[in-house]
Amino acid sequence: MHVVVVGNGIAGVTAALAVRRLQPTWQVTLVSGESTHHYSRPALMYLFMGHMRYQDLKPYPDALWQEQRITLRRAWVTRLDLEGRRLELAEGAPIAWDRLLLATGSRPNLFGWPGQELPGVQGLYDLGDLARLGENVRGATRAVVVGGGLIGIELAEMLHSRGLHVTLLARERSYWDNVLPPEESALVTRLVRAAGFDLRLETELKEVVAGPDGRAAAVVTSRGERLDCSVVGLTAGVRPNVELARGTTLAVGRGLLVDRSLRTNVPDVFAAGDCAELVRPGERNLVQQVWYTGKQQGECVGRVIAGEACEHEPGIWFNSAKLLDLEYQTYGTVLPSPQPGETRLWWERPDGHGEIGLRLVVRDGAVTGFNALGLRLRHRVCERWIQERASPLHVLAHLEDAHFDPELFRRHEAEIVPTLLAQLDLTRSAA
Amino acid sequence: MSRPLPVVATFVVDEERAGFGAPLEAPPPRSLDAAERAALAIFGLGCLSLVVQLAGASIAGTWPGLLSGLPLAALGLGLYFRASFRAAPPGIRHDDVARRGISSRGVTAWVLGVVLTGFYTVLYWFPSHLERATALVDPLALALSGRPADGWFLYGFLYTLAVSVFGVRAAMKYRHNRYQLARTASVVFFQLGFAFLLPQLLKGLRRPELYLTYFWPLKYDALFPSSVKALWQTPGGLGMFMVVWGAVATFVATPVLTYFYGKRWYCSWVCGCGGLAETAGDAFRQLSNKSDRAWTIERWTIHGVLVLIVVTTALLWLAPGELSNTLARSYGFWIGALFSGVIGVGFYPLLGSRVWCRFGCPMAAILGLLQRTVSRFRITTNGGQCMSCGNCSTFCEMGIDVRAYAQRGEDIVRASCVGCGVCAAVCPRGVLRLESGPAKAPVPPVTLL
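Just so you know, the sequences run in chain order A and B. In this text, residue positions in the first sequence follow this note's numbering: the first is 42, and each later residue adds one. In this text, residue positions in the second sequence follow this note's numbering: the first is 8, and each later residue adds one.
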């Protein structure tokens, strides 16, 4: 039995390792055009800024793949031949499969902006983009980043570390307010501005203008302003990379459509990670584009490929990020705006060089979500509280159980608890 | 029949061949602000004064001479650190660590390594060449100990100055992290107070030169019969106190403190070797070898040295004679001087700041065994938040592959962990926490690999 995995990101490699674990005699091949070995994509920014070398980004030692008898094929897949059950590659002989996993990740969104193909304009997703960025920033002094989210702020930081002046265009009213509630978003907006970035809210890209050398020389915004720059970063979100499905019988929505066991409509063909779209009867389809869900999906699809039964259970949502020097953690459901029946509690204070904050979301007497900015919470504790439908009183009474800041750091419970209790009382008396 | 797709990428990066990891060359030179320029000017003048005095200027050996040399340079450097970190964005910035020569085994690192190793060699075995330099610190030696400086005083002076001024650098670099600030203050305090000033002051009072923060087996002769007897017989009782203190430190305080806090109470909060490693050595922490092979070697060598010092000490007491004396002398030369001193510090820019601590120190071996078996100390990992970026492993000075544990959601309990806390500080997702509290039920790893 030959299992072939296209894409060596976290979903693909987790699946490959799971298959190997459960089926010691099967042949397992990992195919990738981007790199020979699996590396941590979220760490690309640290590679660019010179914090680490490329080899430091690899979660596993190179020798592991040989030990696990997983074949690594470095090649771009050009065509998916579903009838012939083989992959055609840009270089080298085609690869035949018995079971195929497509873990092709994402691609940066392009919205047909005039000039988006000019040299100097690029997205930020893979190693190729990083190499290109290295070339583009040489001699550059001004950059414009289009899209105010996580990748946008990371790219801005990367460019800033090279001494470029950065203008950030965000179509939202407040930074990342399509994900963050207003108070969190306002805190982050202040942070971005304080760091010296020229943040233009409610502003989109209209076109990129070429200079005499044919490279990007300026952008024109939706407000009609012209901003000179030689580097344009397009970070307006990502979409599932379903290129290989084009022209085949694979069912595609936003992503490659899969059932709960991550099977596509084609027998023996599976999809997992950023590129997959989970069809769940009675619920909305789900595209999950973060690291840990890639890992979860990879583990699940690996088992299914190996012959076990498994249904992907998203579990209680969590995520984390770092916006400049501010750590962000989220557990459970925290939507940008209050939902009917929800009570939202918020605490913030200045701290160190910025501000920190904590949000609790309460619904039907139970805490359903946490946002933490600049302070660390224990994942398993918050998860358990949400699972067990802990009341806000219980959570506040045991808040120190979730404390995960390093030792000797200032403790905030003495401030947080009375503040949030007071907010709870207010909402109660108002109700 | 589907049409072939065009090759998706215009860049095919063979990172293995090209050694991908340097998408850019060295960073563009940064312009200095006024505060940085002033500080560097002071540093330059201090260095100039030192050179001129070494060349024979008449103020050599006077207080103005002494203060206008290295102390002035140290002041300038400290001010520069303050100014340059303030000019940078907040947070722990490791920008260009992987590209700068000094932090990636480049030209400056190699030269520095040769110079440091050479200096230690001269200090230990050809101290007469350092007479001029030693004379420069005479005023201080006379003030503290009542005697002119010798090579060891010069060494202590330089060491303490380095720990102090690079302590300023560490405090600035980690200024938003209270654990790092406390730990840095602690090592500077113990080095300055207990490893330099106190012994010299005691000397000045005609008392034994007591090093309260060094005991057996790091201070390998502390339990040798010759030292014990000499101390015990010193009039005044201080010698006896030192023998008892040393014994209590080694056999009581060590296990107890290690049970509660892990070996970090000593290795990254008190010990002078650790003090230099965490301050002057901080810029080199990423050079530690993270491979499994290095881990295997370290376990053999560190326990080998422990066996050696235990056997040597035992023989000196139980079967004194030719063999035991030879062992003691050899240990003093090969381990005490060459390994601990020359290689331990000289190799900072090449192998990182903890070569002695990781591969040789018998004290670390004992502390490590306690840490791994009975201690409450561990580094906990925060559920599923790890995204395997590698910052933790990269900046671990002891060469622990922290990421391997974090990405599995597994607690880190390793004999070599000195609890410096930098892994937890540089983690961008809040995944790691040093813990000494009562152990909670361990969380099983979330994945198997």
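Because the hints were derived from the structure by calculation, they are not lab data. From the three backbone atoms N, C-alpha and C, an ideal C-beta is built for every residue, glycine too. One or more hints might be untrue.
Taking CB as the label site, the calculated pair distances span [unchecked claim]: (1) A:295 / B:37: 41 to 47 Å; (2) A:68 / B:100: 41 to 47 Å; (3) A:284 / B:103: 43 to 49 Å; (4) B:103 / A:242: 46 to 52 Å; (5) A:452 / B:94: 30 to 36 Å; (6) A:231 / B:129: 51 to 57 Å; (7) A:349 / B:262: 44 to 50 Å; (8) A:444 / B:381: 24 to 30 Å.
Now the stretches of chain B that chain A is said to cover, found in silico as 3 or more residues with beta-carbon under 8 Å [to be verified]: (9) 64-71; (10) 120-128; (11) 226-239; (12) 352-366; (13) 397-407.
**Asked** Does the structure break any of the earlier hints, and which numbers would those be?
**Response** Structure breaks hints 3, 4, 9, 10, 11 and 12.
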